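There are 2 protein chains.
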Amino acid sequence: MFVVEGKKSVFEFINSKFVLHKLFSKNTSEFKMINVNQVSHSELEKISYLTNPDDHLAIFKIPNIKSINKNKLIVGLESINDPGNLGTIIRTCEWFGIKDIVCSSDSVDCYNPKVVQSAMGSLSRINITYLDLKNFLKSEPLNKFGTFINGQSVFENKIRTDKGIVVFGNEANGISNKLRSLIDIELTIPRFNNKSYPESLNLSNSLGIILSEFSRKSNEKKN
Amino acid sequence: MFVVEGKKSVFEFINSKFVLHKLFSKNTSEFKMINVNQVSHSELEKISYLTNPDDHLAIFKIPNIKSINKNKLIVGLESINDPGNLGTIIRTCEWFGIKDIVCSSDSVDCYNPKVVQSAMGSLSRINITYLDLKNFLKSEPLNKFGTFINGQSVFENKIRTDKGIVVFGNEANGISNKLRSLIDIELTIPRFNNKSYPESLNLSNSLGIILSEFSRKSNEKKN
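Keeping their order, the protein sequence lines are chains A and B.
Position 159 of the first sequence, counting from 1, maps to 159 under our numbering, and the rest follow consecutively.
Position 86 of the second sequence, counting from 1, maps to 86 under our numbering, and the rest follow consecutively.
No wet-lab data here; the hints were simulated from the structure.
Predicted, not measured: the structure shown is a model, and the values here were computed from it.
Just to be clear, a hint being listed does not mean it is correct.
Covered stretches of chain B, as calculated for chain A (at least 3 residues, CB under 8 Å) [as the list claims (entries may be wrong)]: (1) 65-72; (2) 113-127; (3) 180-189; (4) 214-222.
Where a beta carbon is used, it is the ideal one built from N, C-alpha and C, also for glycine.
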């Protein structure tokens, strides 16, 4: 099970394929045709993960593993640590039409309350699979992209961008050497400042820029 | 004055135009030719803003206000609240060659320890000015861009992108109506998912994508 807080997110999960287990609310009248448990503000303060609890808190069932859609671009995440980062990444992935995220098994849990909070409902519409990322990359015949400091510019690249796996590494260390050898195309977001710093971009910012550029390219090819 | 922690950031500030006031270190030998105060780990724990203090902590002087370079793209920030966000934004701005950030006077202080920490040295190389953003936009004859949900696609846009002011609004509310009327060109990062959600992208992710696209365009024009 996992917890969702906030009216908007709770509604988005109720309207998804996720199965509601229990719903607690200060204003039960806001949820018609659903069995809601009336709770007080002080009760919400006790069960909420938030410093300032919202009026609504729901418990949903963690779904069974679904199959991965390999006809669309897949995002691969290696050893992501920060729950806020993962939440933002899930939201940005949905914006750019990603259906599947695959995470190395040591990545932060996507049902962690901070991830749920910062993903803002997008978690209800994206399929996230935890697996042995190395084996997955090895066994998949898809194009594998990764972001590195010295790859080819993502802007100059003329490769097919609507299919394949784009891998992003851990916040501090990037993609590990054991995965690097499995990457077909090493990409870089060029620095446009003629300097050698900053050393790197923030992980979720890099992901946003790469996905935006992939979307732009594959959209231009369609038109 | 303000505090910088961590060897790498301290070095970057020492090598910048910032004036060092005091330096405290567990390993004074790492700083040659600088007057360093030897401190113990427990002393560092007392003066550090971090839960796990680094071995080096420096105090620098807040510099005098410098003039704004109007021949380059300027980033404008309205009512930014989150110090981690501002730090990431400063780093991403440096990546894309931004020299000047102008912040509305109610934005979070760029010398806040959390901003310094997440900006990772980039703060030492970017000029940040706090001002009345409305008056600044009113008085500047430059092109003013802003990001909105229903603007023109930043990808289709054929406007000049190497000069002007790109404005980003508060994390929760976006650009206020009082500033919106001063914006010449309303831009949007298109959703590539054929849906009407997520409602928005994270602020620093949007900024990264917009600056990356401006850089790509102005670079293509040059070549």
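Tested hints:
Check on the stretch 65-72 of chain B: 0 of its residues sit with their Cβ under 8 Å from a Cβ of chain A, so the three-residue criterion for coverage is violated. Counting residues of the stretch 113-127 of chain B whose CB lies closer than 8 Å to any CB of chain A gives 4, so the stated coverage by that chain holds, three being the minimum. Residue count for the stretch 180-189 of chain B with a Cβ under 8 Å from a Cβ of chain A: 1. That is fewer than the three needed, and the coverage hint is violated. For the stretch 214-222 of chain B, the assignment as covered by chain A holds, since 3 residues bring a beta-carbon within under 8 Å of that chain's beta-carbons and 3 suffice.
Violated hints, listed in ascending order, are 1, 3; each of the other numbered hints is respected by the structure.
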